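**Q** Residue strings, one per chain:
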Amino acid sequence: MGAPHTDTGTPLLVLGGARSGKSSWAEGVVGRFDPPYVYVATAQALDDEMKVRIRLHRERREGLWRTIEAPVELATVLEGLKGRGEPVLVDCITLWLSNLLCSETSGIEGAVDRLCETIRSSDYPLVIVSNETGAGIVPENALARRFRDLSGFTNQKLAAACASVFLIVAGLPMRLKG
Amino acid sequence: MGAPHTDTGTPLLVLGGARSGKSSWAEGVVGRFDPPYVYVATAQALDDEMKVRIRLHRERREGLWRTIEAPVELATVLEGLKGRGEPVLVDCITLWLSNLLCSETSGIEGAVDRLCETIRSSDYPLVIVSNETGAGIVPENALARRFRDLSGFTNQKLAAACASVFLIVAGLPMRLKG
Amino acid sequence: MGAPHTDTGTPLLVLGGARSGKSSWAEGVVGRFDPPYVYVATAQALDDEMKVRIRLHRERREGLWRTIEAPVELATVLEGLKGRGEPVLVDCITLWLSNLLCSETSGIEGAVDRLCETIRSSDYPLVIVSNETGAGIVPENALARRFRDLSGFTNQKLAAACASVFLIVAGLPMRLKG
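Protein sequence lines correspond, in order, to chains X, L and Y. If you're matching positions, the first sequence starts at 2 in my numbering and goes up one per residue. If you're matching positions, the second sequence starts at 2 in my numbering and goes up one per residue. If you're matching positions, the third sequence starts at 2 in my numbering and goes up one per residue.
Since the hints were derived computationally from the structure, they do not count as laboratory data. There could be a bad hint or two in this list.
Simulated crosslink set (DSS-like; lysine-lysine; CA at most 25 Å straight-line) [claimed, not checked]:
1. L:Lys158 / L:Lys83
2. X:Lys178 / L:Lys178
3. X:Lys158 / X:Lys178
4. X:Lys158 / X:Lys83
5. Y:Lys52 / Y:Lys158
6. Y:Lys178 / L:Lys178
7. X:Lys178 / Y:Lys178
8. Y:Lys158 / Y:Lys178
9. L:Lys83 / L:Lys52
Remember, predicted model here, so these are calculated numbers, not experimental data.
Start from the sequences and build out the full structure, keeping to the hints where you can.
**A** Here it is as structure tokens:
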């Protein structure tokens, strides 16, 4: 078993805008627990640029981390990690939502609710990264508006399901909960 | 007369991005006062989608709330509520600004200043919801840029006129003032 | 020599969205030091609208402030201000990055690193204004995405180089560091 939930303030949600430093900060939080660590990646290596980014990410974390890809079946993957006590980083929810939208999965709300249930019942240190996408002007594109709404509602549900929530701005954390 | 201003920290401004949970949080603040409550809606039921949303909103608040529509004449409506002590929720300023822009009203700045005067002199618990729209990339569309500027300046003026200001992120409040 | 670094919490980074009131707030911070003040402007008077804005800005600050234009050579200008102890306001980094991008300068990252070095070694009260641009939806335009990424990474580096960092929302400061 990993460090107990009550001391560590996990599950912990890390919010932040694009290039806010949220992933690095989240990695640092996971690194305070004992290795080995599990990196749950929602990114899909669909093009060369993404393949390179994912490879660089893996190299940076090499050794202490193993990577599991979960572009769509995120709740199932997190369920499967129970009982091992390994600290887990999920990076990131926004890409997962985008994958759900693009795969035209029905019942995205149900998937979000199921994910939140899994998070609440996790028995390992769990840090989850998600994008803040709602603070700009209303997008003209209808799909962008739908995605922004979905992303905002999901962040609210995740924040309710997590013990701690931080907003990262320019690499610096602001505590919202916990 | 309602609860005294000094104890309640109103007028209170609630800022947040799209789907940040700001309206629900603001409703919760108003609900700490004694009913009946007044919901001042700036939304206009111009299309079917909006009609459904407004009806659902009304049903959720049914019983303890009455709704007044104020798409444009917001300051006049708030003036008219003086002397009754009923807690008031204004939702939201961003839509009101959008209505002013679309109705090609001249003197939007004057209307904002008049609203701020009314807010300062309110004698009832007053909670005001407004969108944060300035933290994304500069919009390519000129009207969107003008709206973003107007919205930002208005939020600054409202924040100065209010006793308390909160920023909502993922349903969680951050205290900015008061 | 100006007021000592340790007391004043400078270099100080002021972040905020469009029309958040960040420049006025930053000017107020500089105004707590003894005059005369130096305003380092990264804006370029390329069109009439910009010329008017710059002239109005200058008139507002007239008397106690002198203005130095640094649309591109920002680090060199800040280096040149060493040893005089005059409080300096840089407004703003986002426009400087935009100027670098438009002038197709190679090595923008190197320029950012050099600027951060200069900031770390500054021997005068230094307040730097930069835009938060990452909290909206992903822009469809590739140049906008590149700019957003560059702006976000730069804000992270600046925040690391500064003793204090504040986020301004609706004219109100939230302390992030220092």
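**Q** Honestly, which of those hints from before does the structure not fit?
**A** The structure conflicts with hints 5, 9, although it agrees with all the remaining ones.
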